[in-house]
Structure formats: structure tokens, C-alpha cells
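Novice: Start from the sequences and build out the full structure, keeping to the hints where you can.
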Amino acid sequence: MMKKSKVFWGYAVLALVIYAVVQILISTNILDIYYQNMLITMCINIMLAVSLHIVIGITGQFSIGHAGFLAVGAYVSAIITTKLLLPFPLAIFLGALAAAVAGLIVGIPTLRLKGDYLAIATLGFAEIIRIIFLNTDYVGGAAGMQVLYLSNWSYAFIGVVLTILVISNFTNSRHGRACISIREDEIAADAMGINTTYYKVVAFAIGSFFAGLAGAIFAHNFYIIQPTTFGFLKSFDILIFVVLGGLGSLSGSVIAAIFLTVVSAYLANFPETRMIIYSLVLIVVMLYRPTGLMGTKEVTDLFKFGKKGGTK
Amino acid sequence: MEWIQQLVNGISLGSIYALIALGYTMVYGIIKLINFAHGDVFMIGSFIGFYAIAKWELGFFPALLLAMVVCAIFGVLIERIAYKRLRNATRIAALITAIGVSLLIEYTTIYFRGAQPAAYPEVITNKSFDVFGVQISSTSILILSVAIVLMILLQFIVHKTKIGKAMRAVSHDADAARLMGINVDNTISATFAIGSALAGAAGVIFGVYYTKIDPLMGVIPGVKAFIAAVLGGIGIIPGAMVGGMLLGVVESLVSALGFSLWRDAAAFVILILILIFRPSGIFGKNAREKV
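So the sequence lines, in the order shown, correspond to chains A and B.
Mapping the first sequence onto my numbering, position 172 (from 1) lands on 172, and the numbers just tick up by one.
Mapping the second sequence onto my numbering, position 160 (from 1) lands on 160, and the numbers just tick up by one.
Hints are computed from structural coordinates only; laboratory data are not their basis.
Don't take every hint at face value.
[To be verified] As a list, the in silico SDA-like pairs of lysine to any residue whose alpha-carbon atoms are at most 20 Å apart:
#1 B:K32 - A:I283
#2 B:K84 - A:Y34
#3 A:K114 - B:R87
#4 B:K55 - B:I124
[Unchecked claim] Chain B is nowhere near these chain A residues, computed Cβ spacing over 12 Å in every case:
#5 L104
#6 V166
#7 F236
#8 A268
Glycine included, C-beta positions come from ideal geometry on N, C-alpha and C.
Specialist: Rendered as C-alpha cells:
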């Protein structure tokens with residue numbers, strides 16, 4: 001018990017140090033606006049990667065419609081700040097909540113499906129969400145919606161810390177282990193008395209919640225949101241973080257999100273090249289290392305190497 | 001009369017969906033893989049037809065044949081390079097690879113020729129026939145007849161030839177088929193070849209009918225064709241034909257009711273309803289899961 005809390009405070013200090021260092025660099029203008037933007041994008045991508053990780057990596061439910069929940073979070077929070085003129089933190093929370101509700105609505109019927117069918121159904125739902133925004137004049141339709149610029153590094157970083165904290169704690173709880181057992185063998189988990197539908201829906205709703213959180217920060221970082229931003233390619237971008245990092249590894253998906261954000265920032269002027277590289281990476285990883293780079297291991301596992309009977 | 005007009009348009013669109021859906025359903029039936037790249041084979045077929053007609057000045061039928069042959073080879077290449085290693089991989093790994101292959105084909109095409117659309121040349125003089133007040137254009141008759149001939153040909157191949165028998169055997173039980181001396185790898189390649197050839201043909205008739213093609217054109221028809229395949233019961237060949245036609249008609253009716261912006265959503269709603277209430281499709285039988 002002592003040990004666990006020690007580890008927790010260790011991470012808390014680490015998070016504070018990262019935050020303070022970056023904040024100092026920003027306030028002394030060593031990191032200019034370009035790098036600040038990249039940092040916020042990085043935070044958004046980490047949140048998205050971790051929120052999809054709980055659905056695909058932990059629970060083993062293959063969803064390729066994550067951009068739909070990002071869109072719900074983005075649009076709902078944008079309506080709250082831009083149209084209703086309410087404060088930004090409230091907008092973030094309500095955006096995330098709306099995405100979680102959307103996750104429940106999508107999850108309850110579709111999570112009865114398995115594998116390929118689930119993938120296609122989530123893709124379909126994400127497209128329906130996108131088409132609804134596309135045809136709603138209140139949010140600007142295809143032309144998009146003007147959004148106030150309210151995001152900054154602090155909001156983005158707090159979002160990341162919150163996401164990782166909740167999802168890693170969930171994973172290590174009995175609920176998380178129930179989800180992992182569903183990933184390993186759904187029928188066996190069912191036979192052991194685990195309410196598989198309940199846990200699948202819970203994991204899906206938590207994933208959607210944090211995707212919505214990311215969406216709220218995303219919307220207030222780019223001045224404008226358009227339905228085309230949230231298409232299939234966005235879902236694919238999120239998917240590749242999780243797949244490359246390792247299906248079932250939280251730190252893997254964080255590392256992949258950081259790495260790929262930097263790569264795509266440098267390839268921003270060559271979008272075709274970027275997509276060709278992404279798709280080749282995806283194919284090669286799946287053919288030669290189908291568990292992703294980290295597998296189900298975490299970075300922290302590496303430090304425990306020498307110890308006997310490692311603590312988990 | 002307006003309604004019958006929309007029905008005619010729907011059947012024309014539906015026959016394109018049906019041709020693509022056949023490839024999906026055959027591949028799924030034999031290796032249980034949703035071949036996401038199938039929509040892009042359709043796109044490649046369309047571009048080959050375009051170059052054949054516009055640059056090399058071939059007629060419609062030689063161009064159609066050329067597109068089918070090239071797509072067949074292309075489909076087999078995809079299968080041999082990317083999918084063959086995945087026979088024993090998890091479903092998720094196979095699905096992700098298929099998505100990767102699809103994006104690779106799309107963006108490689110954009111890289112080499114740019115994303116701008118191309119205008120399909122007119123290959124047959126477009127006349128309209130007036131049948132009891134309903135306008136039926138010669139192109140829609142052409143694409144319907146091409147689609148029907150190809151479907152009859154496919155039924156013949158699957159039910160009357162040796163390779164068709166092998167395909168049915170492998171899709172029923174690959175291990176048992178191998179024990180009976182069937183070359184499973186070749187049979188799977190043949191399935192990809194036939195499915196891709198049909199997609200190539202669909203690409204050419206799509207170009208002739210809609211006259212505008214671009215490198216990302218395969219995405220939406222690809223997904224729609226998959227919906228059609230699920231609708232008819234995935235793995236079942238007549239199911240894909242009926243599913244495709246039905247989806248085309250439904251989409252045209254939704255447009256006719258004045259909701260043309262919601263057309264794509266209608267297809268996805270159909271997909272989700274069918275997945276929830278009858279996942280085995282219209283023609284499918286319920287398969288019980290074995291532990």
C-alpha cells in the first residue's frame with residue numbers, strides 16, 4: 001500500500017516538473033507559437049490515443065469511429081462557449097459528457113457485435129454523427145463553425161494528466177481486469193461471471209468521454225471546426241497511435257502519439273507522403289509485429305526488470 | 001412517374017454496388033476478411049478504363065476487358081503481398097492491414113497523378129428512350145446489361161466449373177478442402193482475381209455513368225458495397241446482388257424525397273439496423289457460435 005502511493009506521488013511530481021518546465025519555456029518565449037501549438041496538438045493526440053486505448057487495447061473492442069466522439073465533444077463545447085457564452089471549463093466538461101452520452105447511445109446496441117462487424121458499425125455511427133453536423137445549420141453546416149480561441153497549454157496538460165490518471169487507475173482496478181479478461185477471451189470471461197456487456201459499454205463510454213474532452217480542447221485551438229475534419233481519416237489517425245504503440249500498452253500509445261505528432265508536423269507540407277508513410281508503417285507493423293511496438297508491456301515494466309516477482 | 005424514374009436510377013446505381021459487393025462477399029466468404037482495399041481496386045479499374053478510352057482510344061468493351069484483366073492481376077498481387085501472411089493472424093490485425101493497403105493505394109495514386117478529378121470521355125452516344133413517360137438513358141441500359149451478364153457469368157463460374165467448385169469447398173471448410181487435394185492458396189488467389197475483375201468492370205461503368213472520377217472515389221462506393229454485402233448476407237453471392245440493388249433503390253428514393261444530403265446516412269442506418277436485428281443478412285442463416 002505504501003509502495004503504491006509512493007509510485008503515485010513520483011508520477012505526480014514528474015507531471016508537475018514537466019508542466020513547470022514547459023510553462024517557464026513558454027513564458028520566457030523560448031518556445032514560440034509554432035512549438036506551443038505543436039505541444040497542444042500533442043496533448044490532444046495523447047488524450048485521443050489513451051481514450052481509444054481503453055476501448056481497443058484494454059477491452060479488445062475494435063472501434064474505428066473514434067473521430068465521431070471527438071466531433072461531439074468539439075461541437076457541443078463550441079456551442080457552449082460561442083453561442084451560449086458560458087465559461088470554457090464548463091464547456092470542456094459538458095462536451096466530454098455529451099460525448100460519453102453519445103458513446104452510450106452508440107455502444108449499447110453495437111457492442112453486442114464482434115470483430116469486423118463492430119468495426120464497421122462504429123465506422124457507420126461516426127459517419128452518421130458527422131452527417132448530422134454537416135446538415136445542421138445551427139452549427140454552420142459544411143462551411144464550419146467559428147470558435148473562440150481559448151485553449152492553452154495548461155488546459156491541454158491538465159486534460160492529459162486527467163485522462164492518463166483515470167484510465168490507468170481504471171485499468172488497474174477490478175473493473176479494468178474484467179475488461180482485460182474480455183479482451184483475452186470473451187466467452188471465458190462470461191463463464192466466470194463477468195457481465196461482459198456492462199464492462200464493454202463502460203469502457204466505451206469512458207473512452208468516448210475523454211475523446212470528447214480532447215474534442216473540446218481541439219475545437220478551441222483552431223478557430224474553426226468543420227465536419228470534414230472528423231471523417232474516417234481522423235479515426236484512422238487515432239487508430240494508428242494505438243496500433244503502433246502496442247495494443248494494450250498505455251505508455252506505448254502515449255509514445256506513439258508524441259512521436260507521430262512530431263513526424264506529421266514535419267510532413268505537414270507533404271500530406272500525401274505522410275499518408276503513404278503512415279499506411280506503410282501500419283502494414284509493416286501488422287505483418288511483422290502484430291502486437292505493436294510495445295505489445296502489452298508498459299515503459300514502467302522495463303525498470304522493474306531486476307526485481308524479483310515484480311509488482312504489478 | 002417520378003417514382004418509377006427514381007427506381008430506374010436506383011437500379012443503375014444498385015447494379016454498380018452489386019458488382020463491387022460481389023467481390024467483398026466472395027473474399028469474406030473464403031478468408032473471413034473485410035477487404036477494405038476493394039473500393040480502391042474499383043478506383044484503379046475506373047482509371048485504367050479512363051486511360052484506355054481517352055489516351056489509347058480503345059472502345060468501351062476493349063477498355064472494360066482491359067480494366068478487368070489489370071484489376072484481376074492487381075487483386076492477386078494485393079492478396080499475395082499483404083494478406084497471405086495474415087491467414088492465421090487475429091481479425092484485428094487483418095482488418096488494420098486491409099485499411100493500410102486501402103490508404104496506400106489511394107495516396108500512392110494521388111502522389112503520382114494528383115488529387116484532381118478526371119472527366120470520363122463519352123464512349124457511347126447517349127440517347128434517351130421514352131417508356132411510358134419514364135426516361136431511360138442508353139447508358140443505364142448498358143450498365144445494367146453489363147452487370148447482369150457479368151453476374152450470370154459469375155454464377156456459371158461458381159456453380160459449373162472446377163475452380164468454382166474448389167472455391168465453394170474452401171469457403172465451406174478450408175482444412176477439409178486441403179485434405180481433399182485442393183490447392184487452397186491458388187483458390188483464394190482465384191477468388192481475389194474474380195472479385196477484383198468485377199470491381200474493375202464496376203469502375204469502368206461507374207465512370208461512363210457518372211463521368212467524373214478521382215483517386216478517392218472508391219471510398220464511399222466501397223463502404224456502400226460492403227453495406228450491400230452485409231444486407232444480402234455476407235458470403236452469399238445472390239445476397240450481394242439483391243443487397244446492392246436494394247441499397248441503390250433506397251438511396252435514390254431518399255434523394256427523391258428531398259433528403260439528398262442524408263443519402264449516405266441512410267445507407268449507414270440500414271447497415272446498423274441490419275447488424276443489430278439480423279446480422280446474418282436477408283439471405284443468411286443463423287450460425288450458432290461454437291466454443
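Novice: Now tell me if each hint is right for this structure.
Specialist: Evaluation of the provided hints:
no.	hint	result
1	B:K32 - A:I283	holds (18 Å)
2	B:K84 - A:Y34	violated (44 Å)
3	A:K114 - B:R87	holds (19 Å)
4	B:K55 - B:I124	holds (16 Å)
5	L104	holds (15 Å)
6	V166	holds (25 Å)
7	F236	violated (7 Å)
8	A268	holds (15 Å)
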